[in-house]
Every structure is written in structure tokens, then in C-alpha cells.
Amino acid sequence: MYKIKGYNTIDWALIGTYLAQGLVPGATFTLVSSPGPGTIWIDLDGQVIALRKQEFEGMLCDC
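Count along the sequence shown from 1, then add 1; that gives the number in my numbering.
Treat each hint with caution, since some may be false.
Label pairs and their in silico Cβ distance ranges [claimed, not checked]: (1) Ile-11 <-> Gly-47: 29 to 35 Å; (2) Lys-54 <-> Gly-7: 16 to 22 Å; (3) Lys-6 <-> Lys-54: 14 to 20 Å; (4) Gln-55 <-> Pro-26: 15 to 21 Å; (5) Lys-54 <-> Ile-11: 16 to 22 Å.
As a list, the in silico SDA-like pairs of lysine to any residue whose alpha-carbon atoms are at most 20 Å apart [claimed, not checked]: (6) Lys-54 <-> Phe-30; (7) Lys-6 <-> Leu-32; (8) Lys-54 <-> Thr-40.
These are computed hints drawn from the structure, not numbers from a lab. Glycine included, every Cβ here is placed at the ideal spot set by N, Cα and C.
Whole structure, please, built from the sequences with the hints as guidance.
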């Protein structure tokens with residue numbers, strides 16, 4: 002289980018995408034799988050979200 006602490010990016014478009022998907026500080030999620038080298042799937046409250054590796058790395062998380 003991971004918990005979002007904040008964002009490791011200053012890209013406001015990317016931060017807006019996080020907010021629209023519910024990837025807000027305090028939200029918890031689990032890793033579902035990584036079907037390819039550039040994609041990571043996460044489960045956020047039963048909703049599976051596919052993120053590019055760069056998008057995933059834009060979040061600060063506690064494990």
C-alpha cells in the first residue's frame with residue numbers, strides 16, 4: 002500500500018491530471034501490475050488507473 006505525500010514535479014498540467022484522477026495527497030493505492038516497461042497500473046479505491054512511468058515518478062509516496 003502506498004500513500005501519496007505530494008508531487009515530485011512542477012508540471013502544472015501533470016498535477017492537474019493527478020487531481021482529476023483522485024491522486025491527491027493522503028490518498029492510498031496499491032500497485033496492480035506493470036504490463037510494459039513504460040506503464041504502471043495502480044488501484045485507487047477499486048479504480049484501476051494506468052500511468053506512464055514518468056507520471057508515476059511525479060508523485061511523492063510513502064510505502
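A quick look at each hint next to the structure:
1. Ile-11 <-> Gly-47: 29 to 35 Å: holds, 31 Å
2. Lys-54 <-> Gly-7: 16 to 22 Å: holds, 19 Å
3. Lys-6 <-> Lys-54: 14 to 20 Å: holds, 19 Å
4. Gln-55 <-> Pro-26: 15 to 21 Å: holds, 19 Å
5. Lys-54 <-> Ile-11: 16 to 22 Å: holds, 18 Å
6. Lys-54 <-> Phe-30: This hinted pair holds, its Cα atoms lying about 16 Å apart.
7. Lys-6 <-> Leu-32: holds, 16 Å
8. Lys-54 <-> Thr-40: Within the cut-off at roughly 5 Å; holds.
When the structure is compared with the earlier hints, no violation turns up for any of them.
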